[in-house]
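Enquirer: Below, each chain spelled out in residue letters.
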Amino acid sequence: MSVDTATLGSILPHSIKPARYTGGEWNSVVKDWDETPIKVALAYPDVYEVGMSNLALMILYDILNSQVDVLAERVYTPWMDMEQAMRSSGIPLYSLETRHPLHEFDIIGFTLPYELNYTNVLTMLNLGGIPLLAEQRGDSHPLIIGGGSGTYNGEPLAPFFDLLVVGEGEEVILELVELFRQCGREDRKGCLARAAEIDGVYVPSLYEVTYSDDGTVREVSPTHPSARPVVTKRIVDTLPPAPTRVVVPFVEAIHDRATIEIQRGCTQGCRFCQAGMIYRPLRQRPLEEILSTADQLLAATGYEELALVSLSSCNYTGIEQLVEQLLNRHGPSYTSISLPSLRMDSFSLRLAGMFQGRHKTGLTFAPEAGSDRLRQVINKIISHEEILGTAAAAYESGWDRIKLYFLVGLPTETMEDVEAIADLVKEILPIGRRARGNRAQLSVSVSTFIPKPHTPFQWSPLEQRESLEEKHHLLRRLIRGRGLKLSWNDPQTSLLEAAFSRGDRRLSQVILDAWRRGARFDAWSEALDVQRWWDAFASQGLDPAFYAHRERPLDETLPWDHISSGVSKEFLVADYHRSLQGAMTFDCREGQCQTCGILETFPRDAEAMRQAGWGCVGVLRDAGQAAAAKRSQR
Amino acid sequence: MRPTTEPQRLRVTFVKGEEVKYISHLDLMRLWERALRRAEVPLLHSQGYNPRPKISFPAPLAVGITGHREILDVMLERPLAPLDFATAVNRQLPVGVTLVEVEEVYATLPALQTQVQGAEYLATVAVSEDTHQLEERITSLLGSDQLPRQRRGREYDLRPLLEKVWLETQEVGHYVLGMRLRAGEQGTGRPDEVLDEMGLANQVKSIVRTRLYFSPAGEE
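The listed protein sequences derive, respectively, from chains V and U. Count the first sequence with my numbering and you get residues 644 to 1277, in order. Count the second sequence with my numbering and you get residues 20 to 239, in order.
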């Protein structure tokens, strides 16, 4: 039964941004609750404005709602004022479309993009009337499934989920729906065992984790014949059509614009970047398809901005033609085009000149490290000269404001590397001054490097707080004055993020404990109370430093070793060694296949890859191609 | 895309209904801009680095209040029959926003925001007292010389913004109060504040703005 309108009406006027909770947005899909047999709630564990900017959720919404017998509705985490009001007036967490409580759905699919959202998952389950732990749930409860980058190490969340989907969800979500058509709400255990046989599906309850005396994981082993020793991520061979009738929020979303994913995956191989590793292989959407998608998307939404997103949009083959044609088609109706990520080279600058036109708002680049040496360590292949040259050209072509992103705390980093950030900044600003006078601005944003699973740096420690603060002080002392701006993220937040990023199953107890102590919206500085977390760690007898600050030996069993991203551990080890020697791993599209493991995991013949727009195309010397050739001979 | 003919100004009267009463004024402006873009009407844009469509709203409606005759003016690059405009736009409006009227007005008229003078509201209140008692609340409110209040830390007097308050219907337990409040550059009276002054803040069931008033040049 839908939540009571009158009661809701009594609390909404007193809540912050009540339109977060009322739905009814343009293009939202409202199906008949009683006439639609399979009911899925798509849940995003953050506030509405953040969740509404998530493309993954919109893709699944589109796919599920195109099934006649399925309805998919959205739900986001109520902000703390609303949670409190809902609890005190007895309103359960409800979906936006038909306002049904979460516990009345058959399947709740959470997307898990970020470690510091984890307590919000618990808020949503609990407020939705669903027991928190999978083992407490029976046939009458919805299946709780998770997807997104968080599932590449889902261990800290494992006990809360019935199953996790590793990899791309477009196909597997329909396979899970099909399984539900067969099982219904009966024999939950049998149904989960069958789910474990679907490629990419990880059912945590079918695995046992044992630990060594030193607290490290000894083994993660299946306890059921259906559970595989290693769960390999799912991919789609060809990018499915992008959604065009996307929901247009009333409340301004963080990214309030139309979005087209122009390619998936990245071949640049930055060693700190989890997305660059786990979303391989690179697959490009054909240019013609993007153009027609853009027409439909803009017509269906009325958005005044179109973002061409991917991990590295400048690397899209034909990006210049694409931007040019989009501007020709949609410029006259005052639609602007944007690329969220720019490479630091003259090509990208020319591109930015095309889409920003006379309205040069600002440019953002990510050199990531201050010195050539450290950039080689992290495989960010761009030289000091290129950075200076691009910055100079940017100011000279009329931009006033440049923003640079850096990471601090990277493996092998010294104080000299950190000083090099300041040196670089001090070289760039005068160039800006010469070109733009006092209008020249340079913002420097510094984040803490967090080692992430499935990357060549997955064994590296998070740097200690004291030395991070020392580096912070140094930069604050050096980067000051007119036209300069420095921002920094909180080292305590980094410690939490790092602990959960590489955590094991025992951390679920810490999450539960911290949530019970009131932890909510930990990604929001105004909400985060780190003391709650330290208390929760202490009461569970665990130490965040053990997870975050410890350099892990290469032979240690990692909590996520039973999950495969398709990139092999051998490649990660080799790349880690190369990093320590300052040796680079070139973009495979520019040289030869680096044998990262993707083609061994997903062997395809050259023609299939070409047709599907794979970045791996054209490499015939490597093992993957050999395997594929062998298969096609059979 | 330079206009080949004179720009046209259309005055749109619409309902902001229950379904969208919690969206803010800025949300409503975005909603209209996108609906008009979807309708592909030839919006006239401002010049400069950041061209914006010329759509103006005379008086923001507070969150939680519905509006029966809300108004906006939109400038078009070239003339469009009001009926054609209405047909194209109606299909693109979310549930809760409905067109009431579209008429062409002189493009040279002053901006709507400078012409708005006041608004009328109806508020439904759940009070069990008898009509006489409620009328006494009204009399005492209107009898005050001053109604000093604070809004966002600023002191102001609500009394001069209050033109009329009356009892619209007299069903005990379900009274409807009417009020006419000033709006515009000298300050805007808010119905929830009037109800608060009457000691009825916690009894309000719903508030609707029934109409806006403009100075004669604004051609209400």
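Derived by calculation from the structure, the hints in this document are not laboratory data. Take these hints with a grain of salt, some might be off.
[To be verified] Non-contacting residues of chain U with respect to chain V, defined by C-beta distances greater than 10 Å in every case (computed):
hint	residue
1	R56
2	R57
3	L62
4	V144
5	E187
[Stated by the list, open to error] Dumping the calculated SDA-like pairs for lysine to any residue here, alpha-carbon to alpha-carbon at most 20 Å:
hint	chain 1	residue 1	chain 2	residue 2
6	U	K224	V	K1212
7	V	K682	V	L882
8	U	K224	V	H657
9	U	K73	U	P61
10	U	K224	V	S979
11	V	K674	U	G115
12	V	K660	U	P61
13	V	K1069	V	T1136
14	U	K224	V	K1069
15	V	K660	U	A130
16	U	K224	V	R1016
17	V	K1003	V	S1026
18	V	K1212	V	E814
19	U	K73	V	S979
20	U	K73	U	A130
Fair warning: this is a prediction, and the values are worked out from it, not measured in the lab. Each residue gets a CB set at the ideal place from its N, CA and C atoms; glycine is no exception.
Enquirer: Now look at each hint and say whether the structure bears it out.
Expert: Structure-based check of each hint:
1. R56: At about 4 Å from chain V, R56(U) fails to clear the 10 Å cut-off, so the statement is violated.
2. R57: 4 Å, violated
3. L62: 8 Å, violated
4. V144: 14 Å, holds
5. E187: 21 Å, holds
6. K224(U) to K1212(V): Judged against 20 Å, a Cα distance of about 63 Å means the pair is violated.
7. K682(V) to L882(V): 26 Å, violated
8. K224(U) to H657(V): Given pair K224(U), H657(V) holds - Cα atoms ~13 Å apart, limit 20 Å.
9. K73(U) to P61(U): Within the cut-off at roughly 11 Å; holds.
10. K224(U) to S979(V): 43 Å, violated
11. K674(V) to G115(U): Holds, at about 18 Å.
12. K660(V) to P61(U): Violated - the C-alpha atoms of P61(U) and K660(V) are around 32 Å apart, more than 20 Å.
13. K1069(V) to T1136(V): 29 Å, violated
14. K224(U) to K1069(V): Measuring from Cα to Cα gives roughly 61 Å; hence the hint is violated.
15. K660(V) to A130(U): 29 Å, violated
16. K224(U) to R1016(V): 67 Å, violated
17. K1003(V) to S1026(V): Violated, at about 25 Å.
18. K1212(V) to E814(V): With a Cα-Cα distance of about 26 Å, the restraint between K1212(V) and E814(V) is violated, given a limit of 20 Å.
19. K73(U) to S979(V): Status holds; Cα separation ~17 Å.
20. K73(U) to A130(U): Cα-Cα ~11 Å, so holds.
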